[in-house]
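Asker: Same order as they appear, the protein sequences are chains A and B. One point on numbering: in my numbering, the residue at position 445 of the first sequence is 445, and numbering is uninterrupted. One point on numbering: in my numbering, the residue at position 52 of the second sequence is 52, and numbering is uninterrupted.
If you are wondering where the hints come from, they were derived from the structure by calculation, not from laboratory data. Mixed in with the good hints there might be a few duds.
In silico lysine to aspartate or glutamate, EDC-like type, Cα no more than 20 Å apart, as pairs [what the hints assert, rightly or not]:
#1 Lys108(B) <-> Glu184(B)
#2 Lys150(B) <-> Glu101(A)
#3 Lys93(B) <-> Asp104(B)
#4 Lys131(B) <-> Glu172(B)
#5 Lys129(A) <-> Asp167(A)
#6 Lys93(B) <-> Asp55(B)
#7 Lys108(B) <-> Glu271(B)
#8 Lys181(A) <-> Glu244(A)
#9 Lys150(B) <-> Glu184(B)
#10 Lys150(B) <-> Glu546(A)
#11 Lys131(B) <-> Asp541(A)
#12 Lys150(B) <-> Asp34(B)
#13 Lys108(B) <-> Glu554(A)
#14 Lys150(B) <-> Asp541(A)
#15 Lys131(B) <-> Asp170(B)
#16 Lys150(B) <-> Asp302(A)
#17 Lys129(A) <-> Glu101(A)
#18 Lys131(B) <-> Asp514(A)
#19 Lys181(A) <-> Glu91(A)
#20 Lys181(A) <-> Asp92(A)
#21 Lys108(B) <-> Asp272(B)
#22 Lys131(B) <-> Glu542(A)
#23 Lys131(B) <-> Glu546(A)
#24 Lys131(B) <-> Glu154(B)
#25 Lys93(B) <-> Asp103(B)
#26 Lys131(B) <-> Asp302(A)
#27 Lys131(B) <-> Asp38(B)
#28 Lys108(B) <-> Glu408(A)
Predicted model only: the values in this text are computed from it and were never measured.
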Amino acid sequence: MSHRRLVLAVLAAALLVTPAAASAADYHHVHLISSNATEAIAWYSRHLDCEPLSDRDDGVDCSGVQVVFDSTPTLGSSQRTGIDHISFSYEDLTAKMAELEGVGVGGRGVRLQRFDDGSMLRDVPGLFKYGFIFDPWGTRIELVEDSDTLGFHHIHLASTDPDATLDWYQETFGGERAQLKDMLDGVMLNDIWLLAMEHTEGQPAATSGRAIDHIAFEVDDLDGLTGQLQNAGLSILEAPAVPEGGRTAARRAFVSGPDNVSLALVEAGFAGVDVALDHGTDITTEQVANYTVPRTPWGDPDLQAVWTGDAAHGIPLERPEELSDSDVLTPEQAAARRERGTLGSIWGYESEWRDTTLGYVKSAPSRQVAMIIDPPDGRIPAMTPEAIAARNANRRDMSGRTPVAGPEDLSIFVRCITRGQVPSPGIYNNGLQIVQGPGYVAITQEMIHETRIIPTTPTPRPGPDVTAYRGYSRGRWDGDTLVVEITNFNEGGSYRGSSPGLVMTERYTRTSPDTLQYAFTMDDPAVWTQPWTATFTFVRDETQYELVEYACHEGNYGMPNILSGARAREADGQ
Amino acid sequence: MTRRLCALLGGVALILTLAPSGALAQGEIPRSFDGNPDLNGVWQAIGTAHWDLQDHPAGPGLPDMGAIGAIPPGQGVVVGNTIPYRPEALEQKQRNFENRFYDDPEIKCFMPGVPRATYLPYPFRIIQGDKKIMFIYGFSDANRTVHMDKDNPEPPPIDSWMGRSHGSWDGETLVVDVAGFNGESWFDRAGNFASNTLHVVERYTPINANALMYEATIEDPAVFTEPWTIRMPLYRRLEENAQVLEFKCVEYSEDLLYGHLRREPTRPAPEDR
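The shape of chain B in the complex, shown without the other chains:
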């Protein structure tokens, strides 16, 4: 029985692998009206990159949260696993981790920035048209418009959390060049971070109909000695009713941010922590 099932699955895999191009097969990459890959849909990363981009063992979280808040172990998504921090920046990263329950922009419901928005544990939708590609993320109402028509001035007029995104096609790959960051974002809950000189080049390459390979090259001479790259797959959410829901997290961050200013304070002031 088991052997028959294995043989059957092997057969399916073989068929998929050998499906001739042009035939309608499950693995085939959908095409947009202009012949480019069609990235429309709801996507999500699976893994622990949102906890820590690098290899990491399991670790404790807030005691009150029990096992729910603990850090699950994970294998890194950094190519080569090393983030080439400048020495003083590495110290900052370590301070960030120590102070993460106050300082992490995610805990405060701040916009996650790029690339963090991509691999937060929430789905995001891509709406791909002819002039712009819109990314709508499932956390903190973050969104960004990828300008494919290059009709905006560069560099961007003001710094922002989500940066200014310009896109182009490199064969099968959507390449998005993002700059104009405000330097407030982190990359993960481990405190990895960048400054306002951050420049991210993202590459979205379809693997099959339901998966993309995501790659982001991160460059920030103020923080890193050289560019480095993260790489992970993004998966299509296949539920029939898959959609990005409204997650307005502001109200769940207010006590953390303002609890010390309540009439009945719920926590000490930041300077007393």
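Just chain A, with the same shape it has in the complex:
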């Protein structure tokens, strides 16, 4: 932090003594990080009228501005970094916003950033209407209604000193200091506005690795400008060179500009880099020959560790029909599937929340096709007619489309009551901590901090009237495997229609120092015509992973918001 301040101070001093030396420069591209370039190209083409670049497969042309995507996990939204957002202009913004609202936030949808009063648009007289959205990877995008400039409209920096920053860009890259609509200070460079808003809470976050990673300028004299910036005290992050995988002989340099903004300087003809994507190794299916499961001091197989289900996130419970012939996915398919799972989950969360995007796990995404291994077709067996009738009778609309009357209309997960019997991995907090003592195993699920207490010696079960959401567990050791039989379920904790008569049998087997195979069998004759079994693998990574306290109910701000939203919608006559 202090280093950055120093850079700025030196920069300001340099501006005072050095005569302005505006180089000839042009925007080259805006560089976003999107996890998956193919998906991002589709999104920007569909929603913001950009067109895929004709000569390369990692970017789009948005009315003359190249927007290029990196297929790597993002470190978070662009908001509050030195490049807060980019902007697009539309003739009729009200119609455009209505269109985007109709897309919804699900999957690769559109997240609207509403203003405090719930509205999507603001209208500043003399300026224009504007509103904000996010792309699925956290890029903040301002939409404006400015008929003078349609399409790509501006790049909006956040700066501790907007005036000095704009001066610096103008003096470094040329263009013209001007006022947009006589209201907003900016630099007009090649018909694109560069604006800067004041960042008041300390320094803006560094852009590198965030959703808007950097802006690139094409310059005539790369060595000259790089040298000049270095002399002015800026950090040169990457000296001029043809980058590895460069598609042309054009060179590129990286400098750290004002306000922690990464800037790429490129020579004419620069056309990006070909990156060989490293999907990593799926260690969940690796076989360790002659692996001996360690023993506790009292002689039980030792399963104690922090395990995470992150590698298994994205594996569907049931085998998709189009994959009926595959045994494993390709690494590319596995990576794409997890990305879809991440986007399809609680999508509005920024990437900081998504452990699986951040790759906080040793293993690459599992290539397992489906969790169910028995029946062999990978599908849940047919339900009994009685179970189907009961399910239909109990079906409630939990989509949120109808205003809920009270908390009871929401799922037990939204209510923070339980994560349920099966520790299926989601986008975050997939940790499992196992602690053992003589005769007992404790398995704590990070999500909603639920601990299963498992006696491993014969212990009487509670009577049939003592039921619970997660049932009661009784365990035993079968060789190296911990076998847990769970019964005494209540009505409320039903898993995919299971009844209180469910007998769930889990098997935990350590298959290598870092992998714990988990399998569960659901036997509930009142509901399914035959038992079924599913499996996935937990990965140990205590160097990076520790369970955090998932205080779900204590921090359930969502519940009053959902309920007060429902009351407001009813008051509106919906």
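Start from chain A and add chain B according to the hints.
Answerer: Coordinates of chain B only, in the frame set by chain A:
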């Protein structure tokens, strides 16, 4: 008859007291595989500490609850009976008590924090292994892992309700150092509380096979002028089928928390109370 019974019981007590060490006797402290006391089992506090850590007379509860909700009298567990509050913190404690039917984290089914989890009127299980000791409490799914292997960074990365616990053995005593609290917990239903600078040092010392002495020293310079200590026994639950059952209290707190937001409101909004 009565005198004979008394004499007989006296004899049993004498035998227990005089049982030579090393012999298998009912009073002997069980040992773990590593020679340390074996604390595995289901334990519970008995008394009124969950109502009020200090001496207190009987008092009324919610009228609708009749005698069930009333506060039973109790003798305090605070060593010296005085909690050395800073003046403004004492006022906060009194406000907490007045607003306890809305503000007490227990009534909201929030995690109880430490030391409150220990003496809530529910059993808890200790699972004592070689690297960690797990405490699983019978209220609100609260649990905590006591790290005996010290392989975690200190201070804890984020604040939490239950804090971060590091344990070690001091002779016969399990000492657990707990910090990293979020400052939201209370100590009892009387509104005793601490801030996020709370630091608790707990001591679990076996008295015999079926009882532990529990001691917690509470330090929080933002709230108290000096550290203070609570002390009470914890008893082993001796029922053959003793176990910690699942008590998910969330659904029983929802009306209190969200009743004003129901389609048919069941209670006034907090600002109108």
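Asker: For each hint, tell me whether it holds in the structure or not.
Answerer: Results for each hint:
Of the pairs offered as hints, the one joining Lys108(B) and Glu184(B) holds, with about 12 Å between alpha carbons and a cut-off of 20 Å not exceeded. Between the alpha carbons of Lys150(B) and Glu101(A) the distance comes to roughly 50 Å, so the proposed pair goes past 20 Å and is violated. At roughly 11 Å between alpha-carbon atoms, Lys93(B) and Asp104(B) fall within 20 Å of each other, so this suggested pair holds. About 18 Å separates the Cα atoms of Lys131(B) and Glu172(B), which keeps this hinted pair within 20 Å; it holds.
A C-alpha spacing of about 27 Å is found between Lys129(A) and Asp167(A), which places the hinted pair above 20 Å, so the restraint is violated. The straight-line distance between the Cα atoms of Lys93(B) and Asp55(B) is roughly 15 Å, inside the 20 Å bound, and the hint therefore holds. This hinted pair checks out: Lys108(B) and Glu271(B) have alpha carbons roughly 17 Å apart, not beyond 20 Å. Our distance criterion of 20 Å between C-alpha atoms is broken by Lys181(A) and Glu244(A), whose separation comes to about 43 Å.
Distance check on the hinted pair: Lys150(B) and Glu184(B) sit about 26 Å apart at the alpha-carbon level, beyond 20 Å; violated. Using a Cα cut-off of 20 Å, the hinted pair Lys150(B) and Glu546(A) holds, with the two alpha carbons roughly 13 Å apart. Between Lys131(B) and Asp541(A), the direct Cα distance comes to roughly 16 Å. Compliance with the 20 Å bound is thereby established for this hinted pair. For a cut-off of 20 Å, the pair hint linking Lys150(B) to Asp34(B) stands: about 18 Å separates their Cα positions.
For the suggested pair Lys108(B) and Glu554(A), the alpha carbons sit about 8 Å apart, so the restraint of at most 20 Å is met. Distance restraint check for Lys150(B) and Asp541(A): the Cα-Cα separation of roughly 17 Å lies within the 20 Å cut-off, and the hinted pair is therefore satisfied. A C-alpha spacing of about 16 Å is found between Lys131(B) and Asp170(B), which places the hinted pair at or below 20 Å, so the restraint holds. Straight-line distance between C-alpha atoms of Lys150(B) and Asp302(A) comes to about 19 Å, which keeps the hinted pair within the 20 Å bound.
In summary, the hint linking Lys129(A) to Glu101(A) is supported, as the alpha carbons are separated by about 16 Å, within the 20 Å threshold. Distance check on the hinted pair: Lys131(B) and Asp514(A) sit about 17 Å apart at the alpha-carbon level, within 20 Å; holds. For the suggested pair Lys181(A) and Glu91(A), the alpha carbons sit about 16 Å apart, so the restraint of at most 20 Å is met. Restraint check for Lys181(A) and Asp92(A): the C-alpha separation of about 18 Å stays at or below 20 Å, so the hint holds.
Of the supplied pair hints, the one linking Lys108(B) and Asp272(B) holds, its CA atoms being roughly 19 Å apart against a limit of 20 Å. At roughly 14 Å between alpha-carbon atoms, Lys131(B) and Glu542(A) fall within 20 Å of each other, so this suggested pair holds. For the given pair, Lys131(B) sits about 15 Å from Glu546(A) by alpha-carbon distance, which is consistent with the 20 Å threshold. For the hint linking Lys131(B) to Glu154(B), the alpha-carbon distance of about 17 Å falls within 20 Å, and the restraint holds.
Restraint check for Lys93(B) and Asp103(B): the C-alpha separation of about 11 Å stays at or below 20 Å, so the hint holds. Using a Cα cut-off of 20 Å, the hinted pair Lys131(B) and Asp302(A) holds, with the two alpha carbons roughly 11 Å apart. With a CA separation close to 14 Å, the supplied pair Lys131(B) and Asp38(B) stays within the 20 Å bound. Between the alpha carbons of Lys108(B) and Glu408(A) the distance comes to roughly 16 Å, so the proposed pair stays at or under 20 Å and holds.
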